[in-house]
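Undergrad: Sequence:
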Amino acid sequence: MECQWKPDEQGLQQILHLLKESQSPDTSTQRSVQQKLEQLNQYPDFNNYLIFVLTKLKTEDEPTRSLSGLILKNNVKAHYQNFPNGVSDFIKNECLQNIGDSSPLIRATVGILITTIASKGELQNWPELLPKLCLLLDSEDYNTCEGAFGALQKICEDSAEILDSDMLDRPLNVMIPKFLQFFKHSSPKIRSHAIACVNQFIISRTQALMLHIDPFIENLFALAGDEEPEVRKNVCRALVMLLEVRLDRLLPHMHNIIEYMLQRTQDQDENVALEACEFWLTLAEQPVCKEVLCGHLPKLIPVLVNGMKYSEIDIILLKGDVEEDEAIPDNEQDIRPRFHRSRTVAQQHEGGDSIEEEDDEDDLDDDETISDWNLRKCSAAALDVLANVFRDDLLLHILPLLKELLFHPEWLIKESGILVLGAIAEGCMQGMIPYLPELIPHLVQCLSDKKALVRSITCWTLSRYAHWVVSQPPDIYLKPLMTELLKRILDSNKRVQEAACR
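For the sequence shown, full-length UniProt numbering gives the first residue as 1, with consecutive numbering after it.
Just so you know, the hints here were simulated from the structure itself, not pulled from any lab data. Watch out, some of these pointers could steer you wrong.
BS3-like mimics (lysine-lysine), calculated; alpha carbons at most 30 Å apart, straight line [to be verified]: (1) 299 - 178; (2) 403 - 451; (3) 184 - 120; (4) 132 - 189.
Distance windows between CB atoms, simulated [claimed, not checked]: (5) 12 - 271: 25 to 35 Å; (6) 10 - 79: 16 to 26 Å; (7) 204 - 252: 16 to 26 Å; (8) 256 - 403: 27 to 37 Å; (9) 158 - 400: 40 to 50 Å; (10) 249 - 125: 53 to 63 Å; (11) 204 - 483: 51 to 61 Å.
Quick reminder that beta carbons are idealized off the backbone N, C-alpha and C, glycines included.
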C-alpha cells in the first residue's frame with residue numbers, strides 16, 4: 001500500500017541537508033543545491049520524501065518543512081504527468097490528512113500543494129477532494145476548518161469555470177449554500193474565506209449563486225460592520241461586483257449601500273478603502289448613477305478629494321523627499337520601454353471614459369514606482385468618471401474645495417488640488433473655462449515649486465488643459481508655459497523631466 005511508504009533514513013538526511021543548504025544566502029551554494037535537487041528528480045520516489053518532510057517531520061523547523069512543500073509544488077507544476085500513480089496517490093492522501101496542521105505556514109503550504117495538483121486537471125481525477133474539503137469545514141478543530149477553507153478558496157480562484165460545469169456534476173450546488181452558512185462563523189478568518197469563495201462566482205452569474213442571491217446579499221449586509229478588515233474588504237468587493245451584475249437586487253437598498261460605501265472609502269485600512277472606492281467607478285457606468293448618487297455628492301466629493309493626497313507610504317516609496325536625483329545613474333526600470341499597465345479596475349471597467357484609458361501613457365499621475373493601483377489613483381479615476389457623468393453640475397461641490405487646495409501652504413495638500421484640477425478637466429471643461437485665466441498662470445508658477453512632486457503633477461494637469469491654452473493668444477499663456485516647461489525638461493529631478501516631456 002502506498003500509504004505505508006517509509007523513507008530510507010540516509011536518503012532522508014541527505015534531502016534535509018539540501019533543504020537547509022538551500023536557505024543559505026550564498027548564491028553559489030544555492031546554485032549547487034538547485035542542481036542536486038534537479039538530479040534527485042530522476043528518482044521516482046523523491047517527491048515522496050518531499051511530502052514526508054512537509055507532513056510527517058513535525059520536529060523539523062517550519063521553514064524547512066514549508067520549503068520542502070514548495071519544491072514539491074514546483075515539481076507538480078513541471079512534472080506531475082510523469083509521477084507514478086503510487087507517488088501521486090501518496091501525496092494526495094498526505095495532503096488531505098494534514099490540511100489541519102497546527103502551523104498556519106504548513107497549512108498554507110499544504111493548501112497551495114492541493115490547489116496546484118487540482119489545477120493540473122486533477123479535479124476530475126481526484127473525485128474525493130471537494131467532498132472531503134467540504135466535510136472538513138464542519139470539523140470542530142479550528143485548524144482543520146481554516147486549512148480546508150484556505151484550500152477551497154484557492155480552488156475557487158483557480159478553477160471557477162470548471163466548478164460551474166457539468167464536468168464535475170456541478171459541485172457548486174452544494175458548495176455555495178455550504179459557504180453561506182459560514183458567513184456567521186465566530187472566526188473572522190473563516191468568515192473572510194467564506195465570502196471570498198462565493199465572490200469568485202458573482203461576475204460569471206453562476207446559477208448556483210443566483211439561486212441564493214437574496215440570502216447572499218442579506219448575509220453581506222449583516223457583515224457590513226465587521227471588525228475584521230479582511231471581511232470588510234471582501235464585503236465591499238462583493239457589493240462592487242453585484243453592482244455590475246445584479247443591480248436589480250441592490251437598487252432597493254441603494255441609499256444605505258451608498259452611505260456604507262462612503263464610510264468604507266474612509267476606512268482606516270487602506271485595502272478596505274481602495275476596495276470601496278472601486279464602487280464609485282462601477283456606479284458611474286450604470287444608467288442609474290445620476291439619479292441615485294446626486295443627493296450624496298456633497299459627502300462623496302470631499303471624500304474622493306481627500307483620498308487623492310499622497311499617503312506617507314506613497315511618499316516613502318516614491319522617494320518624495322529626494323528633490324535632486326539627476327546625478328544618480330538610471331536603474332534599468334527607469335529607462336525601460338513604457339507600456340500601458342494592467343489594473344484591476346481596467347479589467348472590470350473596460351470601455352469607460354476614464355483618465356486611465358485616454359492614452360497609453362496618460363496615467364493619473366506620475367506614480368511610476370508605487371503599486372499600479374492605490375487609493376490615490378482610484379479616487380482620481382472615480383472623480384474623473386463622475387465628472388463625465390455630472391459634467392458642470394459637479395463644480396458646485398468641487399470649486400469651494402479647489403480654491404482652498406490649490407493655494408494651500410502645505411505642499412501635500414496643494415499637490416492633491418492640482419491632481420483634482422486635472423481629474424475634472426475632461427468632464428467639467430466648459431464650466432472651468434471662466435476660471436482658467438486665473439488658474440493657468442497659477443499652474444505655470446507651480447512649475448517652479450520647490451517640491452518635485454508638485455512640479456511633476458503640474459506638468460500633467462497642464463497637459464489636460466493644453467487645448468484651451470493653445471486656443472488663446474499665444475503671448476498670454478502659451479509662451480510663459482513653454483518657457484517653464486523647457487526649464488522642467490532640464491529639471492534637477494528625473495520625475496519632473498519625464499513629466500515635462502509627456
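Undergrad: Please go over all the hints and tell whether each is borne out by the structure.
TA: Results for each hint:
Distance restraint check for residue 299 and residue 178: the Cα-Cα separation of roughly 39 Å exceeds the 30 Å cut-off, and the hinted pair is therefore not satisfied. For the hint linking residue 403 to residue 451, the alpha-carbon distance of about 20 Å falls within 30 Å, and the restraint holds. A hinted pair counts as satisfied when its Cα atoms are at most 30 Å apart, and residue 184 with residue 120 does not qualify at roughly 33 Å. As the CA atoms of residue 132 and residue 189 are separated by approximately 20 Å, the hinted pair is consistent with the 30 Å bound.
Between residue 12 and residue 271 the Cβ separation comes to about 42 Å, which falls outside the hinted range of 25 to 35 Å. Taken as a hint, the range 16 to 26 Å holds for the pair residue 10 and residue 79, whose Cβ atoms sit roughly 24 Å apart. Look at residue 204 against residue 252: about 24 Å separates their beta carbons, and that is inside 16 to 26 Å. Against the hinted window of 27 to 37 Å, the Cβ-Cβ separation of residue 256 and residue 403 comes to about 33 Å, which satisfies the hint.
Separated by about 49 Å at the C-beta atoms, residue 158 and residue 400 satisfy the suggested range of 40 to 50 Å. The given range of 53 to 63 Å is broken by residue 249 and residue 125, whose C-beta atoms sit roughly 38 Å from each other. Evaluation of the 51 to 61 Å hint for residue 204 and residue 483 yields a pass: the beta carbon distance comes to about 55 Å.
Hints 1, 3, 5 and 10, counting from the list given before, are not met by this structure.
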